[in-house]
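First residue of the sequence shown: 1, per my numbering; consecutive thereafter.
Derived by calculation from the structure, the hints in this document are not laboratory data.
Don't take every hint at face value.
The calculated BS3-like cross-link candidates involving lysine-lysine, where the alpha carbons are at most 30 angstroms apart (straight line), are [stated by the list, open to error]:
(1) Lys-217 - Lys-204
(2) Lys-204 - Lys-92
(3) Lys-210 - Lys-149
(4) Lys-217 - Lys-149
Here are the computed distance ranges between Cβ atoms for each label pair [as the list claims (entries may be wrong)]:
(5) Thr-268 - Asn-141: 20 to 30 angstroms
(6) Thr-242 - Ser-172: 36 to 46 angstroms
(7) Leu-155 - Arg-77: 23 to 33 angstroms
A virtual CB, placed ideally from N, CA and C, is assigned to each residue, including glycine.
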Amino acid sequence: MAKLTWFNQAFIFTGMILSISASVRADELAYEIEDFRPVTAVDEFLPDWEESPEFFAPETLTRAATRLQNQVEALTRGNGDWSLEFVWIRPKGGSVILSHLNRFETMIPASTVKLFTGWLAFEKKVATQSYIRSMLQHSDNDMANHLLKKVGGRLYLQRTMRETLDLDPPASLSIHDGSGLSPRNRASANHQFRLLRHILRNPKYPVFKKLLAGPGKPGTLRLRLSNHRGKLFAKTGTLPDTGVCALAGFAETPNGTMIFSIIGNDLTRSTSATRRMIDRIVDLNINYLKALKR
1 MAKLTWFNQA
11 FIFTGMILSI
21 SASVRADELA
31 YEIEDFRPVT
41 AVDEFLPDWE
51 ESPEFFAPET
61 LTRAATRLQN
71 QVEALTRGNG
81 DWSLEFVWIR
91 PKGGSVILSH
101 LNRFETMIPA
111 STVKLFTGWL
121 AFEKKVATQS
131 YIRSMLQHSD
141 NDMANHLLKK
151 VGGRLYLQRT
161 MRETLDLDPP
171 ASLSIHDGSG
181 LSPRNRASAN
191 HQFRLLRHIL
201 RNPKYPVFKK
211 LLAGPGKPGT
221 LRLRLSNHRG
231 KLFAKTGTLP
241 DTGVCALAGF
251 AETPNGTMIF
261 SIIGNDLTRS
271 TSATRRMIDR
281 IVDLNINYLK
291 ALKR
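Taking the hints into account, I'd like the entire structure generated from these sequences.
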């Protein structure tokens, strides 16, 4: 057999490197486009906790759960900074983090601030449910700031939320208006998770959830996440000029309720593309939870 020249050897080596790179990129793209249909039973990866605290234990996760986390990371990569948390509230008690990224990192939350304003206004009964519904579903900034005055102002709202949610440190949550327009607002996905968990535990949750936007309902989610119509209740948030997009709320499934918060800052993609990405992440987490055997 003839000896390979140095040129031929270099050509073959370069071809191998390009082939490996293409394979790696194909794997990355697979996270973005493949449907996620786990078939793993709950008992295969969840221990039987008596107290069932919130936990995230990588050693208990299955390959399917790890893949869900990888998909979330792949979808957000290269498009700004993210704080997100998706948590399964188990019907028999306790909670499990399904996926997360920088969940304690504070971000500009945009109009998801209205969740704090709307809930306190609802609790204190300073406005009719119809008024609060209109503010939340249509994300009306003037109505939100009017409610802020009715509940006692931004410092009262901020102090109440810090105490109610037992934040440490309390100053990590910073509220400067009732609408979310202020770029000085700061909240993390975990802050919003704590608020939503507090709401879910309240006897008035069935009433309050109907005040939020949802697929197919009038408001900011009317044309989004249509395959979860009647089961998803959330608040949107967008500040296009500063590259902010967010979504936080509840998704109800046969296996229990999922609480979620996802906040993106310094986004490099368009608002419409980012919304599609957020909806994809929400969809992946819901489908994962729905596929678990009860």
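Hint check:
no.: 1; hint: Lys-217 - Lys-204; result: holds (21 angstroms)
no.: 2; hint: Lys-204 - Lys-92; result: holds (19 angstroms)
no.: 3; hint: Lys-210 - Lys-149; result: holds (24 angstroms)
no.: 4; hint: Lys-217 - Lys-149; result: holds (28 angstroms)
no.: 5; hint: Thr-268 - Asn-141: 20 to 30 angstroms; result: holds (26 angstroms)
no.: 6; hint: Thr-242 - Ser-172: 36 to 46 angstroms; result: violated (20 angstroms)
no.: 7; hint: Leu-155 - Arg-77: 23 to 33 angstroms; result: violated (38 angstroms)
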